[in-house]
Structure formats: C-alpha cells, structure tokens
Amino acid sequence: MIELINVTKNYPGKTAVQDLSLTIPDGKIFGFLGPNGAGKSTTIKMMTGILPIDEGTIMVNGKDMKKDTLSAKRIIGYVPDRSDIFLRLKGIEYLNFIADVYDVPKEVRETKITELTKKFGIYEALDDHIQTYSHGMKQKIVVSGVLLHDPDIWILDEPLTGLDPKSSYTLKEMMREHANKGKIVFFSTHVLEVVEQLCDEVAIINHGQIQFQGNMADMKQQYQENDNLERLFLELTQNG
Amino acid sequence: MGKMWTILKIMVKMQLSMAGKSNSEKAGYGFLFVFMIPFGILILYTLNTMIGTLYTNLSPTGNENVILGLLFVFITFIFIFVSLSTVLSSFYFAEDVESFIALPFHPYQIVIGKSAIPFLSLYGINTILLLPSLVFYGIHSESGLLYYLFAIIIWLITPVLPFVATAIVVMFIMRFANISKNKDRTKVIVGLLGFAFAIGINVLLRLDSEGSNGAGMTELITEQNALLSLVTKFFPNAYLSSITLTDPNSITGLSFLLLLLGVAVLSIILFMTVGQQWYFKGVLGLSGGKRSTFKGTDLTKQTKKKSLLYSLWQKEIKTILRTPTFFTQIVVQSLFFPLFIVIILLLEGNGSLSDMATMINGWADKTKLLTLFAFTIIGLGINPASFSSISRDGKSWFNHLYLPITPNTVIMSKLLVSFFLNGLSLIILSVVVLFFLNVPWGIWSLWFIASLCVSWVTSIIGLLLDLYQPKMNWTDEREVFKGRMIGLFAIGIDVIVFGVLLVILWFAPIFSNTASTSLFLFSYLLICVGIGQWYLRKMTKDKYTSVI
Ligand SMILES: Nc1ncnc2c1ncn2[C@@H]1O[C@H](COP(=O)(O)OP(=O)(O)OP(=O)(O)O)[C@@H](O)[C@H]1O
Ligand SMILES: [Mg+2]
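Going line by line, the protein sequences match chains A and B.
Using the UniProt record's numbering, the letters of the first sequence correspond one by one to residues 1 to 240.
Using the UniProt record's numbering, the letters of the second sequence correspond one by one to residues 1 to 548.
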C-alpha cells in the first residue's frame, strides 16, 4: 500500500501539488489522470524520492520515503517520463548496472535479461549504446530494467507513450499480471481508453489537488449522466 | 542579404544570451572581469617592454620590421589554433546545426551565420593582443598619423585570412575525408590534434633555437628584410602587413595595404563559394555511433556481479572514455602535463637531462622533496575530472535519485574517478622522477604518498565546487567546460591551500631536515583530507537532492 498524506510541493513561485492525500491499495492497477501541468509528474517524483517532499508524508509499504529512503526506494520500480538515462552505456551494461544496484542474483540476470529483451524486441540491440536507440527502445530498456529487479511496486509516468502497439500490449499484460499477484501498479496517462480498459482505480488531479478518487464503477455511477469517460474527464477538470 | 542578416542576428543572440544564467553566474562573470584587470595590465606591460627592448636592439641594423613580422606570425598562429576548434564546434558539432539545415537558407548563408561567433572570438583576441602591440610599436618607432590609420585597417583584416584558411581546410576534410562519417571519432581526433599541435610547436621552437645562435644570425641581420622574410616565410599576410606598417609613407606600403585588402575580400568570396559547395555534404554525413547485432555469446561475462561502488565507478569511467569531449578534456588533458614533460625531456637529449639529474641530486633531500611536490601541485591542480563530476551527468542526473543508492556512495564513486585519473598522471611522473632524474626511492615514496593526498584533496575541491554550482542543462558536452570559471576557482583554491603549506615548509627554520619536513607535510595533508571529507559530507547532505 502507498499512502500520501497531506503532501505539498512548491516550486519557486508556484505550488505544484497542494495538500494532496491519496491511498493506493495492493493488488490494483491505479490510473493517475490529469491535464498537462496538473502535477502528476511532480507527485510521482516525490513518491520515487527524486524530489524532496516539502510537507506531508509518503509511506511505501509502511516505509517512510523521507526517513527510510533507501528501503522505500528498493521496493519501487520507476519508469520516468523522459528517457534521459545513461546514454553512453550499452543496453546490456545498463541492465547489469541496474542488477548491481538492486542486488539481483547472478543466476537470475542472464535468463531474465534474455527473456525480457526478447519479449520487447530489443535483444539484438543490447550491444549498442543507448544513445543510438529510438525513443521507444529507450523506454523499453528502462521498463526491462524495472522488471529485472522485480519490485513490489511499479510506478510508471506515461509508460505507453512512444511504444508500438505490440510492446504496448505486452506491457499492459505485464501490468495486469503484476496486479493479479497482489502488487501495485501505479501509472499516469492521458489516454482515456487505456484507463477504461486497464484500471481498477483512478484518481484525477487538477491544479495540484485531487478532484476524484475511486474505482471505475464508482466513478461511472457517481456521474451517471456522463455516458463517456472523456466528457466526464473534461467536466471534472474544467473548473478551478 | 536580408536573410543573412537575420540568421547572423539569431546565431549571435543564441550564443551570447544571458537568459537562463543564474544571478550568481552573472556575478561570476563580473568577478572574472575585475579579476582579469590586473592580468591585463601585466600582459600589456610585458608586451610594451618586449617591443621596446626589441626595438632598441633591432633598429640600429634596420631590422625593426622583424618585430612586426614576429607579431603577425604569432597572432596568425593563435588565430589558426583557435579557429580550428571553434569552426568545428560551430559548423559541425553544435546541436543546432540540424535545425538550421531544415530552414530555407542557402548553405553559404548558414556558413556565414555560423561564422559569427568564431569570428567574434577572434576579434576579442585581436583586440587584446594585436591592437595594443601595434600601438606600442607606433609609440616606440615614433610613427605618424598614417601609421595608426593603416594599423587600424590591418587590425580589422588580420583575422580574415587565418580564419578563412582554417575554415576551408576544415570543410575540405569534413567533406572528403572519411572521418566525418563518425561524429564521435572526429571529435576525438580533433581533440588529439590540438595537443599534437601544442607539442609540435614546442618541438619546432626548440629545434629552431638550437640552430639560430650560430654565425648565421649575424649574417642574416646584416641584410635588411632577410630576417623578416625568414620569419614570415610561410605567412605572406604577415610579411605584407609588417612591410606596410614599417613604411606607411611609401608607395610599397600603400600598395601592400591594398593587396592585403584585396586578399581579404577575395578570401571571403572564396569562403562563401566553398561553403556553398562543401558545407552541407560534410554535415549531412555526420552520424551517431555504430550498430551491431547482439548474439548473447558473452552474456555470462557481461552479467557479472559487481559491488555497487565499483559498478558506479565503472559507469563513470565508461562515460568519460566514450564521450569524445570528456575524453579529450579530461583524460588527454590530465595526461598532457606529464606526457609533455616526458617528451620535452626526451627531446632535450642525454646531455642536458643528466645535467639536470646531477643538479637535482646535488640538492638537499628536503629541497628535492619540496620541488617535486610543488611541481605536482601544478600538475594535479588541473583536474577537470573533479570539477565536472556532477555536471557530466547533465539531464541524466535524476536517475541517481530514484535508485536506491546513498548520496555518499554516488559522490564517493565520482571522487574515486578523479583520484584514479590523477593516479595515472602520477605513475607517468614517477617514471620521470625515478628513471630520468634518478631521484632516490626514499624521496620518491615520500613524494608519491604526499601526491596521493594532494590528489585526494584537489579531487574533493573540484567536486565541492561542482556540487555547489553544477551545470546540468547542457545540450553539448563542451558546455560543461566552456565558459565556466570553475577550473580557475579550483586552481585558485588549490594554490591557496598548498601554497601556504609550501611557504611554511620552505621558510620556517624548524623544518631544516627531511624528517621534520615530512612530519609536518603529512600532518598538514591529513588535516586537509579530514576537513575536505567532512565538508564534502555536509555539502552532499545540503545539495545532493537540489541538483536538477
Ligand atoms: N522544475 C520545475 N520548476 C518549476 N516549475 C515546475 C517544474 N516542474 C514542473 N513545474 C510546474 O509544476 C506544475 C506541475 O508539473 P508536472 O510536471 O507535475 O505536470 P504533469 O501533470 O506531469 O503534466 P504533463 O501531463 O504535461 O506531464 C506545472 O505547472 C509546471 O509548470
Ligand atoms: Mg508529466
């Protein structure tokens, strides 16, 4: 379970996230929605330890991100929204680096790297520098890195942008499997079809504040007059 | 013409813009400017003295034009050297090249636009060096108004020919040589060329000075202009310029000036023509890296388990070796100093080398130790690996933040990188010290341990400075080194920290023997390491997460 309790983040001259509280239960695929600049990435960066939390607490499976930073980070796998990873490394070197960081046993590395990269179709590019990868390939190597150390919690910032249909399908399948094992998949997106098709629960954020949180059925029920998600989304985020 | 003007304006604006620079950075530039004033005065003073002395010595034989000849040859050399790197980086390596190519401009228009910044930097040097020198010469030779008028014209056109010549050669190479197919490899080759050039000049100067003190000199001086044509043999523009300025009132002076003007105009036209023909073809060939197919044959070896610190360290070293700019600015630069010494010593021939060894062995042990030590401080003070530690990561820095690695581990891995690279220099220097200068092993080991401490401290100093004000938002790796005062600050702090130590050891009477000297030396160094380590921890805690 992830708990965000009254979390606030200020950038110079701007409050990006304001007094935000959110509970993400185990075994669910949790969708995080909101217009551009709503504060999704900022929230995710605080959850993963990239940005210091100005006020409030974030608990990851009972571990405080502020105080018990290292153990909290260990159980999280994060796919950033941009692919500025270590460009001068080769694909294989990057994956082995990740394995070193998360203490992945030697026996697991070989089989898992082969399996994952073959699944995503980047196996043959493993000896090339990441710099020469396309955007989607970079995305895939990062996702492979996350799956390699098999964390309890996946936090993905717009993971499907840039992926081809096949890889996108593969990733969605994997997300489903992971949640079915009782683990957490938390991801942000703009694509409403994906939300409708994939998510068990959603939260909508606008101007740094949560507008709605609940499961898909709740959301539909609560806003019965809206037969389609798009209109609902527009309505929820238009004011304020 | 209108379009060319537009593109020129945009290029200059983008390069010189202060937008996005923090206030402290702006203050830094101001500080640097004030800081440079005494240096500037010193340089001007030296120039004036040099020109004055040469003038009094050479004018009795009518050879004073040699001064001007030397001046123009010297400045042409500098211009070629500077242009080589600025032209390459502006024409070919800058990130914005591709976006300009997409715009509806003729190649020659883009080439002219791209020349703006390299050209402006040449005029900067021109104003600092050539202009005052010409004025000083004018004063010493008591020249008239015409001299100053011609001098200004010549000052204006001097950068044109060296720049155009270099640019044409560069465009030719990039167009026809195979190196341009690989951007990374080209960058390394160019970086190495710069150093080869520096060593080459040194060698040439040496060879030349050996031959020139014979009887030939007097013979040369007796014949007017002979010395000048010797000096300017390979630089016709230098010859023309100096003749014009020595004889501004004559017909020769005027016609040579007109000739110079003609050459300048012609070379600009030639430059535009060549640019139109060759520029795009050279640029479009540039590409990233090689591609291959992974077969998985070495997979077992490639997935070996390593300790976290070693893994981080290896990542840093790989990045440095594989990024051309980092490789030349960090590895080549830090090995340059010791290698340079080795080459110079080898060239000196056996005689002077053994002379030097005998001289050094005549010194007291303390003197040996301190001299070597002072020498090392200069060598290790230039430590680009340390003051680029954080900035090298650029936009990929944030990856360190979500990975479960403690800040201190990351920082330690970076510290070890610059310590390791310094270690390579120390090994080369050790060979010189032990086998060329025959310094005894005892003194060597004291020196070596002390140097390791110095290396650790200078690495910390550079890292602290970079952590304090990193440059993360670069698009070309050169920005990590270019236009930052951090290297100067690092050397400044090094000089203060170790200068104090040296002065104490050298002058305080209690440190008369090696034992007391080393005792104090090592205590001081250990204290420095301790303070550095403590401060690094504190700074890491304060700054680590706010680096973006
Ligand atoms: N480094 C920064 N400095 C200052 N303000 C920032 C910074 N990063 C984000 N912001 C501001 O914080 C707000 C939230 O940004 P955030 O990146 O979290 O949005 P987002 O919901 O992820 O948007 P998108 O859908 O476009 O990815 C925006 O208004 C943005 O302008
Ligand atoms: Mg975002």
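By construction, these hints were calculated from the structure, which means they are not laboratory data.
There's no promise every hint is true.
What the hints assert, rightly or not - Listed below are several chain A residues computed to face chain B (Cβ distance under 8 Å; list not exhaustive):
id	residue
1	G62
2	F86
3	R88
Cβ coordinates follow ideal geometry from the N, Cα and C atoms, glycine included.
So, going through the hints one by one against the coordinates:
1. With 8 Å as the threshold, the beta carbon of G62 (chain A) stays out of range of chain B, its nearest partner Cβ sitting at about 16 Å, so the hint is violated.
2. Because the beta carbon of F86 (chain A) sits about 6 Å from the nearest beta carbon in chain B, less than 8 Å, this interface hint is met.
3. A distance limit of 8 Å between C-beta atoms decides the matter here; for R88 (chain A) the minimum to chain B is near 5 Å, and the interface restraint holds.
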